[in-house]
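Chains A and B are the protein sequences, given in the same order. Just so you know, UniProt numbering puts 166 at position 166 of the first sequence, and the rest follows in order with no gaps. Just so you know, UniProt numbering puts 288 at position 288 of the second sequence, and the rest follows in order with no gaps.
Be a bit skeptical, because a hint or two may be false.
Ranges between beta-carbon positions, derived for each pair [as the list claims (entries may be wrong)]:
no.: 1; chain 1: B; residue 1: Ser-344; chain 2: A; residue 2: Gly-42; range: 15 to 23 Å
no.: 2; chain 1: A; residue 1: Gly-42; chain 2: B; residue 2: Asn-217; range: 53 to 61 Å
no.: 3; chain 1: A; residue 1: Gly-367; chain 2: B; residue 2: Ser-297; range: 17 to 25 Å
no.: 4; chain 1: A; residue 1: Gly-47; chain 2: B; residue 2: Asn-155; range: 47 to 55 Å
no.: 5; chain 1: A; residue 1: Gln-154; chain 2: B; residue 2: Thr-267; range: 37 to 45 Å
no.: 6; chain 1: A; residue 1: Gly-47; chain 2: B; residue 2: Asn-291; range: 27 to 35 Å
no.: 7; chain 1: A; residue 1: Gly-42; chain 2: B; residue 2: Asn-284; range: 14 to 22 Å
no.: 8; chain 1: A; residue 1: Ala-355; chain 2: B; residue 2: Ser-344; range: 49 to 57 Å
no.: 9; chain 1: A; residue 1: Gly-367; chain 2: B; residue 2: Arg-208; range: 32 to 40 Å
no.: 10; chain 1: B; residue 1: Ser-120; chain 2: A; residue 2: Lys-369; range: 35 to 43 Å
no.: 11; chain 1: A; residue 1: His-188; chain 2: B; residue 2: Thr-372; range: 54 to 62 Å
no.: 12; chain 1: A; residue 1: Gly-47; chain 2: B; residue 2: Ser-344; range: 21 to 29 Å
no.: 13; chain 1: A; residue 1: Gly-298; chain 2: B; residue 2: Asp-231; range: 31 to 39 Å
Hints listed in this document are in silico derivations from the structure and should not be mistaken for laboratory results. All C-beta atoms in this analysis are idealised placements derived from N, C-alpha and C, irrespective of residue type, glycine included.
In case you want the letters, here they are:
Protein chains: 2
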Amino acid sequence: MRRFNTLFVVALCSLFLAACGNLGSSSGTSGTTTSKGTQLTGQAASGDYQSVIKNGRYVTSKSRGVNVSQNDNQYNLKSFESGLLTVSKKVYSPSKYIFEEGQYLSTNTVQNWLARKSKSNPTGLNPVNNGKTGANTRNPIYLQQMEEQDYMKQNGKKLTLSGVTIGLGLNSIDYYQKQNYGATYETHISNATIQREGRQIANQVLARLRKKAALRNVPITIALYKQASDDSLVGGNFFSYSVNRGSSTSVGSWKAISEKNYVYPTTSSSSSTGNSNDESSFENFKTQIQNYFPNLSGVTAQAHYVDHQLSGMNVSITTQFYSETEIISFTQYLQQAAQKYLPSGAPIDITVKSAEGVQSFLSRDQGEKKFTSHVFDSY
Amino acid sequence: MRRFNTLFVVALCSLFLAACGNLGSSSGTSGTTTSKGTQLTGQAASGDYQSVIKNGRYVTSKSRGVNVSQNDNQYNLKSFESGLLTVSKKVYSPSKYIFEEGQYLSTNTVQNWLARKSKSNPTGLNPVNNGKTGANTRNPIYLQQMEEQDYMKQNGKKLTLSGVTIGLGLNSIDYYQKQNYGATYETHISNATIQREGRQIANQVLARLRKKAALRNVPITIALYKQASDDSLVGGNFFSYSVNRGSSTSVGSWKAISEKNYVYPTTSSSSSTGNSNDESSFENFKTQIQNYFPNLSGVTAQAHYVDHQLSGMNVSITTQFYSETEIISFTQYLQQAAQKYLPSGAPIDITVKSAEGVQSFLSRDQGEKKFTSHVFDSY
Numbered sequence: 001m002r003r004f005n006t007l008f009v010v011a012l013c014s015l016f017l018a019a020c021g022n023l024g025s026s027s028g029t030s031g032t033t034t035s036k037g038t039q040l041t042g043q044a045a046s047g048d049y050q051s052v053i054k055n056g057r058y059v060t061s062k063s064r065g066v067n068v069s070q071n072d073n074q075y076n077l078k079s080f081e082s083g084l085l086t087v088s089k090k091v092y093s094p095s096k097y098i099f100e101e102g103q104y105l106s107t108n109t110v111q112n113w114l115a116r117k118s119k120s121n122p123t124g125l126n127p128v129n130n131g132k133t134g135a136n137t138r139n140p141i142y143l144q145q146m147e148e149q150d151y152m153k154q155n156g157k158k159l160t161l162s163g164v165t166i167g168l169g170l171n172s173i174d175y176y177q178k179q180n181y182g183a184t185y186e187t188h189i190s191n192a193t194i195q196r197e198g199r200q201i202a203n204q205v206l207a208r209l210r211k212k213a214a215l216r217n218v219p220i221t222i223a224l225y226k227q228a229s230d231d232s233l234v235g236g237n238f239f240s241y242s243v244n245r246g247s248s249t250s251v252g253s254w255k256a257i258s259e260k261n262y263v264y265p266t267t268s269s270s271s272s273t274g275n276s277n278d279e280s281s282f283e284n285f286k287t288q289i290q291n292y293f294p295n296l297s298g299v300t301a302q303a304h305y306v307d308h309q310l311s312g313m314n315v316s317i318t319t320q321f322y323s324e325t326e327i328i329s330f331t332q333y334l335q336q337a338a339q340k341y342l343p344s345g346a347p348i349d350i351t352v353k354s355a356e357g358v359q360s361f362l363s364r365d366q367g368e369k370k371f372t373s374h375v376f377d378s379y
Numbered sequence: 001m002r003r004f005n006t007l008f009v010v011a012l013c014s015l016f017l018a019a020c021g022n023l024g025s026s027s028g029t030s031g032t033t034t035s036k037g038t039q040l041t042g043q044a045a046s047g048d049y050q051s052v053i054k055n056g057r058y059v060t061s062k063s064r065g066v067n068v069s070q071n072d073n074q075y076n077l078k079s080f081e082s083g084l085l086t087v088s089k090k091v092y093s094p095s096k097y098i099f100e101e102g103q104y105l106s107t108n109t110v111q112n113w114l115a116r117k118s119k120s121n122p123t124g125l126n127p128v129n130n131g132k133t134g135a136n137t138r139n140p141i142y143l144q145q146m147e148e149q150d151y152m153k154q155n156g157k158k159l160t161l162s163g164v165t166i167g168l169g170l171n172s173i174d175y176y177q178k179q180n181y182g183a184t185y186e187t188h189i190s191n192a193t194i195q196r197e198g199r200q201i202a203n204q205v206l207a208r209l210r211k212k213a214a215l216r217n218v219p220i221t222i223a224l225y226k227q228a229s230d231d232s233l234v235g236g237n238f239f240s241y242s243v244n245r246g247s248s249t250s251v252g253s254w255k256a257i258s259e260k261n262y263v264y265p266t267t268s269s270s271s272s273t274g275n276s277n278d279e280s281s282f283e284n285f286k287t288q289i290q291n292y293f294p295n296l297s298g299v300t301a302q303a304h305y306v307d308h309q310l311s312g313m314n315v316s317i318t319t320q321f322y323s324e325t326e327i328i329s330f331t332q333y334l335q336q337a338a339q340k341y342l343p344s345g346a347p348i349d350i351t352v353k354s355a356e357g358v359q360s361f362l363s364r365d366q367g368e369k370k371f372t373s374h375v376f377d378s379y
């Protein structure tokens, strides 16, 4: 399945790359004075990076689309990419640096690196196939996805590459087939092994990147991400990162990242919870709105913890609505109920969906008390 | 098809009604002093109605779900219901009145009224079946959907029914089959006929409502809506309304409503446009963002005109994204481009979708200059 997806995406990508042939130079250091040259997108919110526009076009990643095909669970994709931005913000301040999609690792390179090492693929970062099929005797695929992000500094009208972040997504469970189209088996990988293999792969990646002239003297941050299982309703999490100053060819030291994601309500099978107070707050909210509205079919939340503190929540409410006025009234009610019952302090998004798509949404930013709301209307 | 839908929804509704048996009295005049009694949802935005909560539950319409089954084009459903709220706001100010879903017309009543008049259905508001099947010789179905909205005034802790609005949705095209499961034919209905039939039906509805004790002395507003065709990408529009003071049993006078909806870009088949300046603004915006982002698959807008002035626009952008960073950058860019290219003055919503659903959205309220944006993230 993954292989077919990959081929499909490669085909798509070559189309796009062909279509984008007039993007001009993709070198990291570039800058012109004409309005047709390099521009920035502007910031949507303080704390976001501006990004680079070249000749009126967005500069897409050189390995665009590879990660889409590498993730059977789409939560791992979004979580990995936003998480990598969060790590980058610790190192490259959005007020000083400008974001550009990765320009140094091509689709081909990334695909080779993500594959197993073999005679035909000497650059593979995953272990050779040892021919065994037992869950604990085979060599699992450790590295599932990787992403490069480039960070530029503006100097007058010139943008200079001033930092690179590499994210490495490591499997906690490697899914595999013993035969093509056969049953799916799982190799579970311990946290200790994930860390050991991740660090070892990071060392190799750093050494390889230093061989590229443009990256020889640029700070390179490498962050390690533990992929969630394929049936998870929330993505995995970054657990470690390392900032490597220009010219260093092996990773010196690692810093721990304490981030965890949970799904509320917790099911009996996944009894782990981030914080029982937050969970009961959510349960109260859920009970309250289910009493209010006759047939809510799903009320769940993703809760994100940093250093054991709730740092964000995405609530998803699914139901069938029978009129626009029901959606409006329900959204008004949610505004009250969310403020009253959901944990205060952390930013919270609430999305209200029906079979026809998103109907309304509410949001509260960090430090605010009230929720703002929007009902998606139609003329 | 419609019949099966109807049956299905009736079945669903009876389930809900059963489940809501403990809603207590649904009489329009009620009010208690306990916190378990009648409450209000609060306003999400000034200019919105508060709505009624009874015993912690939302008071759903007595004919809930009928309109869902009456519309093969869902744009007619949303547009009809929000449009009816807009008409009501002209008559019953949201600062003085509180909204309640219709409590006087039951599912059964509405279904009978929406059907053809016949021996077994003497209350049908659509003409008898004359047995003919020619597009212009048969009697078409004029009345496609209807909705009741109740408006209450608060007096101390008591809510009193103080106004009712009835919307009548009238077909511009009646779709019919000559045989069950056969080909679909169309009877086109002229604007003059829509108005004549609509007024005549309104008269009957008013007279019938006056026979209900609770509605005898309440102002009743009736509004006429022209349904869009089933293949339209935008809903129909209200074109006329009448405010009838308490106890009047026939409609006195009608006021015109000048509202029109258009889809941009206009297709060659639907060459009508609201305003060519607005359309070229939208075309510029579209060209600009399609240059910026490599593979936007759809950029369309619903434009809403009141008295020939643009009074709102919903822009919908569909594409495949290959990373969260692409969505963030694209949204930032849209914020600039929308402010620069889209018509100023009118409120505008922009929704960015992929196959996985809504990815981000931007919005500018009436009188504002900048767009606010939100990217739907996932942990």
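Given a hinted range of 14 to 22 Å, is it respected by the beta-carbon distance of Gly-42(A) and Asn-284(B)?
holds (19 Å)
Using the beta carbons of Gly-367(A) and Ser-297(B), state whether their distance is inside 17 to 25 Å or not.
Hint violated: Cβ distance 38 Å, outside 17 to 25 Å.
Is 35 to 43 Å respected by the C-beta to C-beta distance linking Ser-120(B) and Lys-369(A)?
violated (58 Å)
Between Gly-42(A) and Asn-217(B), is the Cβ distance one that fits in 53 to 61 Å?
holds (58 Å)
Using the Cβ atoms, figure out if Gly-367(A) sits within 32 to 40 Å of Arg-208(B).
violated (55 Å)
Does the Cβ pair Gly-298(A), Asp-231(B) satisfy 31 to 39 Å?
About 32 Å separates the Cβ atoms of Gly-298(A) and Asp-231(B), which means 31 to 39 Å holds.
Range first: 37 to 45 Å. Now tell me if the beta carbons of Gln-154(A) and Thr-267(B) are that far apart.
Holds, at about 43 Å.
So the hint says 21 to 29 Å: do the beta-carbon atoms of Gly-47(A) and Ser-344(B) match that?
About 28 Å separates the Cβ atoms of Gly-47(A) and Ser-344(B), which means 21 to 29 Å holds.
If you check the beta carbons of Gly-47(A) and Asn-155(B), does the distance land in 47 to 55 Å?
48 Å Cβ-Cβ, so the 47 to 55 Å window holds.
Hint says 15 to 23 Å; check whether the CB-CB distance for Ser-344(B) and Gly-42(A) agrees.
holds (18 Å)
Between the beta carbons of Gly-47(A) and Asn-291(B), is the distance compatible with 27 to 35 Å?
holds (28 Å)
Just to be sure I understand the hint, the distance between the Cβ atoms of His-188(A) and Thr-372(B) should be within 54 to 62 Å; is that true here?
About 44 Å separates the Cβ atoms of His-188(A) and Thr-372(B), which means 54 to 62 Å is violated.
Checked against the numbered hints above, the structure violates hints 3, 8, 9, 10, 11; every other hint is satisfied.
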